[in-house]
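K.L.:
Residues per chain, in single letters:
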Amino acid sequence: MASITIRDVRKSYAKMQVVHGVNLDIASGEFVVILGPSGCGKSTLLRMIAGLEEISGGTIAIDGKVVNTLEPRERGCAMVFQNYALYPHMSVAQNIGYSLKVAGVPVAERAQRIQAVARILELEHLLDRKPMALSGGQRQRVAMGRAMIREPKVFLFDEPLSNLDAKLRVQMRSEIRKLHRRLSATSVFVTHDQVEAMTLADRLVVMNGGRVEQVGTPAEVYSRPASRFVATFVGAPAMNMLEGEVTLDGLSLLGGSRKLNVSRAGLPVGSKIAVGIRPEAVRLVAPGTPGALDATVDLVEELGAGRVIYVDLDGAAFSVVTSETAHPAPGSAVGLQFSEADLHFFSSETGSRLDVFKASMPVPAL
Amino acid sequence: MVERTPILNFFTHLILFVGFVFCVAPFVIVAIAASHSLKEVNDVPMSLLPGSEFWVNIKTAWTTADLGPKLFNSFVMAAGVAAGKVIISALTAFSIVYFRYPGRMLIFWLIFVTLMLPLEVRIVPTYAVVANVMSPYQAILDVTGLSWLIEKVSGVQVSLSLGLLNSYTGLIMPLIATATGTFLYRQFFLTVPDELTEAARMDGAGALRFFIDILLPLSRNNMAALGTIMFLWAWNQYLWPLLITTDASHATAVTELKQLIPNVGGIPEWNIAMAGTLIVMLPPLVVVVAMQRWFVRGLIATEK
Ligand SMILES: Nc1ncnc2c1ncn2[C@@H]1O[C@H](COP(=O)(O)OP(=O)(O)O)[C@@H](O)[C@H]1O
Ligand SMILES: [Mg+2]
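These protein sequences, in sequence, are chains A and B. First residue of the first sequence? That's 1 in our numbering, and the numbers climb one at a time after it. First residue of the second sequence? That's 367 in our numbering, and the numbers climb one at a time after it.
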């Protein structure tokens, strides 16, 4: 077990900088998930921790010891790769035991440790097979075994589940979680799948464009997104965003067609802001209900347990998740109701969260 | 392309058969000629029915050209070239694909250029070097005036000399120094996923360990293919062995075949010459048949 301290870490390829000064503290035994869209630099950051990628600036320390110039094998990290990266010519047992072989562990001890790992991962009956003869899920477990056998201080995962089908992914997710509970080794898990991220993480690191947007527990990130990017990236369907402008008596939304009575709290009149509301926080009511916003239904998506209703709000797309059985037909009018506490405000310029508003219900402008 | 109709089937088989006849006919004629007596083989036209002198001719060819030791020489040369090529090519390709160092591209292009300079083109300087491996160093000493200095100071005349004429080393070395194998390996190494390299690094394997434990086993098929091609190529070499083996003890089977070919005005013993040809053709044939399975796999597909 080990803590990881990342200080102002940067990475440039040729002239292009892809990681811009990341700071992160990972506690010993913690399961941290780095979440971000494809190309945001999360793999690069992980590979810098692993030692597979040179660090262009800043420092990475494992257990207080700066590891910038150490070879991967000297850092005590093990990694699970997206495409498993099993050695095709070696059997499962040889794959799992290769690092011990390299380290010169005697054959008897090696065999015993391979057995122990295989038992945990339920791979005992497959030890003599070649990777070619395994299913995706089995290969995945072999890759995990290969990481586990070294008893590393840190586990690194680079989108290890993205090649599995949906059902297997859910199953492997819970297996990884169980494994972490059992080994409680510090783990860093990279993914672009927010469901994976929310379910696995002790703490979530949301990245965008080579920067960390927010660090927090999944619940914190969901309920108090630190930026407009995080707000729309985390949660499905994405949070609804309405563009607005600060006016003398509050906010005007959607180019002035709706109004929101809030205190300006020092923001200059004319500042552009965005108001967010989660689809789950919106209630459907009869059109014309006092205080509700009237909208037209565009499309209804059945989810089984509930449904997503996409509506048109003065030209802006807006989604609502409801578990009610009422099934509004496309084209029909509905009312949208929500409470002030569920509104999120972001600066349109910087995208950062604004907690200065006290909102009340928007009332349709005349 | 996978269409199957009787007419199409017929034509594909016809084409296949014609091709087969074209390939096999010369061998059949050689074998038949090798079975005739001196009189029969010189009949015009030669009878295409096998004669009865086959084993006699084989024995005569074997003793006349002293093929036993010559086949051994050929085998040592061909095996040496094949092994040397496989090792050198794998190592150079490994260096070019997996390491970043100054001058890497320059070295890559220098190797590439050797493709355009086959042995035949640079045979005179190569001969000079093989005749005395030390001659380039001697030249450096002479040009820089060092040999003059050494002679003045110590009274010893510097004259470096190490000849490789009439030796297996001399036969093999210059044939190894070409680039074809390097490119075959380079192409293969480029298809090995980066993740595999990184997984080996995470497992603590250094460069050499990775090469031996991962890359070499994965390139087994390529090795077999390259080894086979190079064995055949070296076995069939004529000019180079002819040039550097002035002494019959190091001559190869292919060059010694000349002994069996009738001189102008001599006895036209073509039956013996054909029998000798058959003997000399046999080892490469055995190698191809034995390696066929690996060979084909190495050339067409990379194992996924
Ligand atoms: N070897 C490389 N050379 C140049 N650019 C690279 C290299 N590896 C990654 N990048 C760039 O760095 C950015 C981040 O990549 P990566 O960390 O792999 O993203 P992801 O978040 O999808 O894992 C991408 O824009 C990618 O194009
Ligand atoms: Mg990635």
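The set of hints was computed from the structure by calculation and includes no laboratory data. One or more of the hints may lead you astray.
Cross-link-like lysine to any residue pairs, in silico, SDA-like; alpha carbons within 20 Å at most [what the hints assert, rightly or not]: (1) A:Lys101 / B:Thr563; (2) A:Lys130 / B:Thr563; (3) A:Lys130 / B:Leu574; (4) A:Lys101 / B:Glu564; (5) A:Lys65 / B:Arg586; (6) A:Lys130 / B:Pro583; (7) A:Lys130 / B:Arg663; (8) A:Lys65 / B:Pro583; (9) A:Lys153 / B:Glu564; (10) A:Lys167 / A:Gly304; (11) A:Lys65 / B:Thr563; (12) A:Lys101 / B:Asp579; (13) A:Lys101 / B:Arg663.
K.L.:
Does Lys101 of chain A pair with Asp579 of chain B here, judged by a C-alpha cut-off of 20 Å?
P.N.:
holds, 11 Å
K.L.:
Is the straight-line distance between the alpha-carbon of Lys101 of chain A and that of Glu564 of chain B 20 Å or less?
P.N.:
holds, 17 Å
K.L.:
Decide if the proposed pair is consistent with the structure: Lys130 of chain A and Pro583 of chain B, CA atoms, cutoff 20 Å inclusive.
P.N.:
Measuring from Cα to Cα gives roughly 14 Å; hence the hint holds.
K.L.:
Regarding the pair Lys101 of chain A and Arg663 of chain B, is the alpha-carbon distance no greater than 20 Å?
P.N.:
Violated - the C-alpha atoms of Arg663 of chain B and Lys101 of chain A are around 30 Å apart, more than 20 Å.
K.L.:
Lys167 of chain A and Gly304 of chain A: Cα distance at most 20 Å?
P.N.:
holds, 17 Å
K.L.:
Run the distance test for Lys130 of chain A versus Thr563 of chain B: straight-line Cα separation, threshold 20 Å.
P.N.:
holds, 18 Å
K.L.:
Need the status of pair Lys65 of chain A, Thr563 of chain B: alpha-carbon distance at most 20 Å?
P.N.:
Violated, because 26 Å separates the two Cα atoms, which is more than 20 Å.
K.L.:
What's the verdict on Lys130 of chain A and Leu574 of chain B, does the C-alpha distance respect the 20 Å limit or exceed it?
P.N.:
At roughly 24 Å apart (the allowed maximum being 20 Å), Leu574 of chain B and Lys130 of chain A break the hint.
K.L.:
Hint check: Lys65 of chain A vs Pro583 of chain B, CA-CA at most 20 Å. Holds or violated?
P.N.:
The hint is violated at about 37 Å.
K.L.:
Between Lys130 of chain A and Arg663 of chain B, does the CA-CA distance stay at or below 20 Å?
P.N.:
Holds, at roughly 19 Å.
K.L.:
Can you confirm whether the C-alpha distance between Lys65 of chain A and Arg586 of chain B stays at or below 20 Å?
P.N.:
violated, 42 Å
K.L.:
Quick one, are Lys153 of chain A and Glu564 of chain B close enough, alpha carbons at most 20 Å?
P.N.:
holds, 18 Å
Hints 3, 5, 8, 11, 13 from the list above are not met by this structure, while the remaining hints are.
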